[in-house]
Amino acid sequence: MQDFFQYIIDNEQTIYLIILMIFLGIEVISQVPSILHTPLMSGANAIHGVIVIGAIIVTGETASDDYFTLAIGFLAVIVGTLNVVGGFVVTDRMLGMFKTEKKNNSNN
Amino acid sequence: MTFDTALLLICYLIGSLAFIVGLKMLSSPKTALNGNRFAAIGMLVAIIGTFLFYRNSKGEPLGNFILIFIAIVIGIIIGTLTAKKVKMTEMPQLVSLFNGAGGLCAALIAVVEFKSLISGGIIYQASTGYLLILIAGLLIGSISFSGSVIAFAKLNGNIKKTGSFKGQQFINFSVLITVIVLSVLLVLSTANASIYFYAILVLALLYGVLFVVPIGGADMPVVISLLNSFTGIATAFAGFLYSNQAMMTGGILVGSAGTILTLIMCRAMNRSLGKVLLGSFGGTKKVDGAKDEGSYKEISVSDTAMVMNYAHKVIIVPGYGLAVAQAQHACHDLDKLLTEKGIEVSYAIHPVAGRMPGHMNVLLAEANVPYEKLKELEQSNTEFPHTDVVLVLGANDVVNPAAENDASSPVYGMQILEVDKAKQVIVNKRTMNPGYAGISNALFYEPNTSMLFGDAKNVLEQLIAEIKTM
Numbered sequence: 256m257q258d259f260f261q262y263i264i265d266n267e268q269t270i271y272l273i274i275l276m277i278f279l280g281i282e283v284i285s286q287v288p289s290i291l292h293t294p295l296m297s298g299a300n301a302i303h304g305v306i307v308i309g310a311i312i313v314t315g316e317t318a319s320d321d322y323f324t325l326a327i328g329f330l331a332v333i334v335g336t337l338n339v340v341g342g343f344v345v346t347d348r349m350l351g352m353f354k355t356e357k358k359n360n361s362n363n
Numbered sequence: 004m005t006f007d008t009a010l011l012l013i014c015y016l017i018g019s020l021a022f023i024v025g026l027k028m029l030s031s032p033k034t035a036l037n038g039n040r041f042a043a044i045g046m047l048v049a050i051i052g053t054f055l056f057y058r059n060s061k062g063e064p065l066g067n068f069i070l071i072f073i074a075i076v077i078g079i080i081i082g083t084l085t086a087k088k089v090k091m092t093e094m095p096q097l098v099s100l101f102n103g104a105g106g107l108c109a110a111l112i113a114v115v116e117f118k119s120l121i122s123g124g125i126i127y128q129a130s131t132g133y134l135l136i137l138i139a140g141l142l143i144g145s146i147s148f149s150g151s152v153i154a155f156a157k158l159n160g161n162i163k164k165t166g167s168f169k170g171q172q173f174i175n176f177s178v179l180i181t182v183i184v185l186s187v188l189l190v191l192s193t194a195n196a197s198i199y200f201y202a203i204l205v206l207a208l209l210y211g212v213l214f215v216v217p218i219g220g221a222d223m224p225v226v227i228s229l230l231n232s233f234t235g236i237a238t239a240f241a242g243f244l245y246s247n248q249a250m251m252t253g254g255i256l257v258g259s260a261g262t263i264l265t266l267i268m269c270r271a272m273n274r275s276l277g278k279v280l281l282g283s284f285g286g287t288k289k290v291d292g293a294k295d296e297g298s299y300k301e302i303s304v305s306d307t308a309m310v311m312n313y314a315h316k317v318i319i320v321p322g323y324g325l326a327v328a329q330a331q332h333a334c335h336d337l338d339k340l341l342t343e344k345g346i347e348v349s350y351a352i353h354p355v356a357g358r359m360p361g362h363m364n365v366l367l368a369e370a371n372v373p374y375e376k377l378k379e380l381e382q383s384n385t386e387f388p389h390t391d392v393v394l395v396l397g398a399n400d401v402v403n404p405a406a407e408n409d410a411s412s413p414v415y416g417m418q419i420l421e422v423d424k425a426k427q428v429i430v431n432k433r434t435m436n437p438g439y440a441g442i443s444n445a446l447f448y449e450p451n452t453s454m455l456f457g458d459a460k461n462v463l464e465q466l467i468a469e470i471k472t473m
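Going down the list, the protein sequences come from chains E and U. Residues 256 to 363, numbered by my numbering, are exactly what the first sequence covers, in order. Residues 4 to 473, numbered by my numbering, are exactly what the second sequence covers, in order.
Chain U extracted, bound-state conformation (with noise of 0.2 Å):
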């Protein structure tokens, strides 16, 4: 062993341990920055290390280090940029997009490691263990990487159905089969291994796509952490290929906290994971809606103004419709007028309101709400009913009654925010459509609620205006 394998082996180790004592520095609010920052050391030390010191089977220094590099600062700009410009409000399709990179990196990784094989002649030599690796790496990269981007498209409202048609779960069932046969016939015959492992590719690419358009944008979040999950699991079959330590802890870890994160997700929503991927969330849409379409009361601004100034307790339940409408500052200055006019004001945060679990929560800290104003949803329940109004901001599906007392509602069984107990409502949308999950909302009708219609934003600011007038 040569003092540079040495040398390597050692930052590999100092890279995994900064991944597993970050990661889990990472799932507590104390210790979560400096845990961020102290796998991204490691990061960086791996990467040198491998830069610096890696040695091939001959021996040798790696190759084109000038290309590599420009590659690099490419990436750490773009990445940079992105990362730092997008909006809070835009977080969730960027984590999406981020985790596509990497699904696309251990695709490309598997494709230059195949041309080399069969480049080299050598395709005859590789064990049934390396190529199945190899593939593996292939199949699960490539589907994180078209299903990430197509997650990101319906995030970011570039498709805004969700297509699902009969059958699906069928075509959805073969493709799968398909590439299952191509990579066994590719293992056991070398002869046409290019046409076997490119056909795989494109299915992988395609499979991806078919897994993610059915499944409804409620769901998403949860898709993406699978999704996570799944390039980690690449990464860690790519680390396997190299015997490459720091890649196979980073993989392995990320693949199976992501998976314990995905099902923590689906308990938090109180969603099975297999009804999440079959889609049956989106898939349903809009069966029932004018079952209990009834009439709803209008409420004016002033109105609205009117009921806030003279309540003792308001609690505010933001949901999407805040994020888009990039209402967080206004909310917290009506937040801080009402406060001052000694009227006590918390906010109700459902787990999953908006598209990210924990969505709310950065949104309104990015607006400098203090933290204790923030209750989790069973002490919010517990503080509706002696609550004078409560004003829902873009929020639908995690204030609908129907997850309570409908069982053929496709929420049906997730935890609600329980507003209608509270002694008013106000619940401010742009329009009547349903919500995200596409399904009607029984509140709306309640005699104790009344809509105020129009842009988060705009409403809160008129709000504002009318209230410092009283």
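Chain E on its own, in the form it takes in the complex (with noise of 0.2 Å):
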């Protein structure tokens, strides 16, 4: 237990990092309408791939000659980079569609 303390004691101010994060999240998405709701669940489902740096850190500090670490870094820096960038790129396809089809109206 007294260990637990210390490591609160240690982390005091993620800690607080981590509760004004989540205020600010919760702040940040408030008012969104509906026609949106996808758009932001895969924006927001890529923003959560920057777990991928985790992946880098990890694999780069695994001994070179350790196969069976190293694949299995290698496989999440692999899973990681495909969250990011499918999920950007298939966020900006999405939001395309929208802008696209707002450039037709101002035609019209």
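It is possible that some hints are incorrect.
[Stated by the list, open to error] Only part of the chain U face toward chain E is listed, based on derived beta-carbon distances under 10 Å:
1) A74
2) V114
3) N247
4) E379
[What the hints assert, rightly or not] Heads up, simulated EDC-like pairs for lysine to aspartate or glutamate below, C-alpha to C-alpha not over 20 Å straight-line:
5) K424/U - E407/U
6) K33/U - E375/U
7) K316/U - E421/U
8) K33/U - E282/E
9) K300/U - D391/U
10) K118/U - E316/E
11) K27/U - E282/E
12) K118/U - D321/E
13) K61/U - E316/E
14) K424/U - D409/U
15) K460/U - E93/U
16) K426/U - E347/U
17) K344/U - D391/U
18) K424/U - D391/U
19) K424/U - E347/U
20) K118/U - D320/E
[Claimed, not checked] Here chain U is said to cover these stretches of chain E; the calculated rule only asks that three of the stretch's residues, wherever they fall, bring their Cβ under 8 Å from a Cβ of chain U:
21) 257-264
22) 290-297
23) 303-316
24) 324-337
These are calculated hints, taken from the structure and not from any lab test. The C-beta atom is built at its ideal place from N, Cα and C for all residues, glycine as well.
Fit chain to chain and form the complex, with the hints in mind.
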């Protein structure tokens, strides 16, 4: 238990950051029209792809002769990148459609 | 503090800011596209920063550069190709798949991290807090991964049934409790750490499957949104593990925003999150199908063409059937043809029509249907009484009157499009089979409803040809 309390003391600032971020996340989203639910979900999906940084670090720190761990790290970097790139591209495609359709309107 | 560390912190600061601003911009239609790009640039800065400036506790840069680089290139190629190639109708499953990839990544990171603790023989030194966070990342990441895969398979039609059985809630609960007990055991005594750790991994994967399998298809968007926030939380835990600000900001933002988005979606469908999670939607399917089976009227394509040709005001109600048949372009062609003839045409969009909120908007936007022709639920409902013909294209549950008048119905309480207020309703469906929620629809037996059977695209094309000859 002592150990746990020490951990909290050591990470005080981080815990504050987390709490503030939670409220920020709620605040940022609160007024969203229903047509944007899908793109927003998809965009948020891409943002949590930032997990790939963890994968890069973990693979980069693995001993270069530990092939099994390297293979897991390799896979982690692939799926993490897939999350980021796929997420942003697909959101871009969805939102791009809204945009072209608005252009057509102003032309009409 | 070295120069490199400072640069890395600045990169992460830029990344975090871009995530916050990007997400904010994504929630407004005008700025959404730029918001997404903004967040993407932030991501790029954070990743490149990690590559160039990351130093471990001994001050060494990252190793295995080439391997990581190859993995990133593979990820980029697969990601771009799938995201570009996939049809608009398959968008929901794709989002689910990418989310699963993120969850898998979080779980794999936890595995690698744990292995290095074990092989370094330093598991005994790891603090309780550190171990708990490691386990939390593993647990949530794995649930998100296997849950997303099941959600993908369901939306993709690989799994058709909603498998719920008696005592399922109990089993789910037991699995969860077991996982928690194992986690506590692992933290208390690191002697058998490996066994506990991999048991948690397996059970978490199992839990993800059990968690999503009983949930009905109509609720899948809510589940994907929830799993999305799970992956966010897993990312935040991983960020905590490495004291990595970019990961923490991105993860927590998505975790909390995703949770709120999930609740907003539930509200749009007028369902409680609890009910969705207990799978009461799909679980009670086909209970009283026989009750209101009366006789229904069928209408031919040429009669439909006739009716539409002499209408003044037509409202089209699109649903998943339209998406499956890829009929959005044909639909717009019909709309243009009727508009040329001086008929007023608009679209009534139910917020949850299709498989995801906004699904229909995206689809119709792809076919260049003008934005102002898409009317939201409330507005459409005020217009139906003055409408001559309502054409329902592959929508079912969103026009089911049971939502308003049958308290025993699983869709009871959901706001619907009150199409039966219009003078005539023509429902295009492939067969008389019930919709995605698996319940029968009294609308089809109303005196002013006619059924027009066939594939939406096919029917629309025939309809266009007919009307052109008139």
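Quick rundown of the hints versus the structure:
Satisfaction of the interface hint for A74/U is found here, the shortest Cβ-Cβ separation to chain E being roughly 4 Å, below the 10 Å cut-off. Below 10 Å, beta-carbon pairs count as interface contacts, and V114/U has one with chain E at about 6 Å; its hint therefore holds. Annotation: interface hint on N247/U holds; nearest CB of chain E at approximately 6 Å, less than 10 Å. For the restraint placing E379/U at the interface with chain E, the shortest Cβ-Cβ distance is roughly 8 Å, inside the 10 Å limit, so the hint holds.
Simply put, K424/U and E407/U have alpha-carbon atoms about 13 Å apart, close enough for the 20 Å limit, and the pair holds. Our distance criterion of 20 Å between C-alpha atoms is met by K33/U and E375/U, whose separation comes to about 15 Å. Annotation: proposed proximity of K316/U to E421/U holds, straight-line Cα distance about 16 Å (limit 20 Å). Between K33/U and E282/E the alpha-carbon distance is near 19 Å, which keeps this suggested pair within the 20 Å criterion.
About 18 Å separates the Cα atoms of K300/U and D391/U, which keeps this hinted pair within 20 Å; it holds. With a CA separation close to 12 Å, the supplied pair K118/U and E316/E stays within the 20 Å bound. Taking the CA atoms of K27/U and E282/E, the gap is about 9 Å. The hint holds against a cut of 20 Å. About 11 Å separates the Cα atoms of K118/U and D321/E, which keeps this hinted pair within 20 Å; it holds.
As the CA atoms of K61/U and E316/E are separated by approximately 11 Å, the hinted pair is consistent with the 20 Å bound. Of the pairs offered as hints, the one joining K424/U and D409/U holds, with about 18 Å between alpha carbons and a cut-off of 20 Å not exceeded. Taking the CA atoms of K460/U and E93/U, the gap is about 17 Å. The hint holds against a cut of 20 Å. For the given pair, K426/U sits about 15 Å from E347/U by alpha-carbon distance, which is consistent with the 20 Å threshold.
In summary, the hint linking K344/U to D391/U is supported, as the alpha carbons are separated by about 15 Å, within the 20 Å threshold. A hinted pair counts as satisfied when its Cα atoms are at most 20 Å apart, and K424/U with D391/U qualifies at roughly 10 Å. For the given pair, K424/U sits about 17 Å from E347/U by alpha-carbon distance, which is consistent with the 20 Å threshold. Our distance criterion of 20 Å between C-alpha atoms is met by K118/U and D320/E, whose separation comes to about 14 Å.
Given a C-beta distance limit of less than 8 Å, the hint that chain U covers the segment 257-264 of chain E holds, as 5 residues qualify and 3 suffice. Counting residues of the segment 290-297 of chain E whose beta carbon lies closer than 8 Å to any beta carbon of chain U gives 8, which meets the minimum of three for the stated coverage. Counting residues of the segment 303-316 of chain E whose C-beta lies closer than 8 Å to any C-beta of chain U gives 14; at least three are required, and the coverage claim holds. Three residues within the 8 Å Cβ limit are the bar, and the segment 324-337 of chain E against chain U gives 13, so the coverage statement holds.
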